[in-house]
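**Q** Adding 41 to a residue's 1-based position in the sequence shown gives its number in the numbering used here.
What the hints contain is simulated information worked out from the structure, not anything from laboratory work. Treat each hint with caution, since some may be false.
[As the list claims (entries may be wrong)] Pairs of lysine-lysine, BS3-like flavour, derived with a Cα cap of 27 Å:
1. Lys-89 / Lys-133
2. Lys-203 / Lys-237
3. Lys-290 / Lys-266
4. Lys-74 / Lys-89
5. Lys-210 / Lys-250
6. Lys-266 / Lys-212
7. Lys-74 / Lys-250
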Amino acid sequence: MRLLYESFEIMNLISKENVPTGGAAVEWYNWLKGFKKIGCEVGILTWKGSNAAVQKKEFEYDLVESYDINKGIPKLRLFYYRIPSYYQAIKKYNPDFLLEGCATENTGVMAMLSKVTGKPFIHRIGSDMDVDGRIARNFSKLSLAVYYYGLRNADHISCQNKYQYEILKNKYPSKSVSILYNSIEIKSPYNMNIEKEYIAWIGNFRYEKNLPALAEIAKNLPQYKFKIAGTRFSETDADAKHGLNELEKLE
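All chains should be modelled from the sequences, with the hints used to inform the complete structure.
**A** Structure follows, in structure tokens:
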């Protein structure tokens with residue numbers, strides 16, 4: 042079976058540049074490892090020049106290059122350049138399934154290309170806000186309409202939890218929807234009996250991560266040591282900053 046996963050974010054994990062990226066990219070990287078282990082051919086549909094940017098010589102996946110991210114006229118290039126580039130890349134790689142995750146315009150683009158190419162499209166929900174309406178605050182009306190088109194026309198939607206599942210089944214009763222919990226890579230062999238020194242939390246510092254709640258949990262578990270790792274960047278909001286300040290007060 043040959044799978045083609047559309048992602049530019051996952052390149053942040055494997056490229057030579059040190060670029061902060063979200064947990065969805067880490068989650069998908071684990072999924073791709075799992076698909077590879079069970080015998081699937083795995084391709085990552087990404088930007089032109091990505092093969093030269095990979096730092097891991099033993100990289101096991103096919104990087105399927107599409108368009109040059111710096112080429113084209115803004116606001117118009119999606120239609121006259123990027124979509125045709127995607128189409129050509131998909132036709133050339135000839136996957137059995139198209140995969141894509143998180144709420145973006147590309148959800149709609151991949152759903153449309155699925156119909157054009159005859160390749161079934163599976164969308165993975167990346168966050169609760171992708172299904173409960175909060176995503177609208179980050180999108181223009183056009184981008185939101187394109188994203189919802191993608192949800193309506195996906196052949197299958199994979200959810201992270203029951204909350205997402207119930208909302209989607211209510212919106213799209215006849216849609217094929219499933220719950221598949223986030224993937225975790227466990228190195229083998231793993232000794233469960235080794236003494237644990239602390240609880241580690243690794244992520245990016247923004248609203249969706251609910252850092253104030255993490256600070257509250259840490260306060261209520263004084264018998265445990267917490268170590269927090271991440272990067273402050275432009276999307277770090279006031280709530281996240283407050284949570285970080287509270288965490289920094291703890292020992």
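**Q** Taking the hints in turn, state whether each one holds.
**A** For each hint, the structure was consulted:
1. Note on Lys-89 and Lys-133: the hinted pairing holds, with a Cα-Cα distance of about 15 Å set against a maximum of 27 Å.
2. The suggested pairing of Lys-203 with Lys-237 is violated, with an alpha-carbon distance near 31 Å, which exceeds 27 Å.
3. Using a Cα cut-off of 27 Å, the hinted pair Lys-290 and Lys-266 holds, with the two alpha carbons roughly 13 Å apart.
4. Distance check on the hinted pair: Lys-74 and Lys-89 sit about 23 Å apart at the alpha-carbon level, within 27 Å; holds.
5. Distance check on the hinted pair: Lys-210 and Lys-250 sit about 25 Å apart at the alpha-carbon level, within 27 Å; holds.
6. The hinted pair formed by Lys-266 and Lys-212 fails the criterion: a straight-line CA distance of about 43 Å is larger than 27 Å.
7. Proximity of Lys-74 to Lys-250 is assessed by CA-CA distance (about 25 Å); at most 27 Å being required, the pair is judged to hold.
Violation of the numbered hints given earlier is confined to hints 2, 6; the remaining hints are satisfied by the structure.
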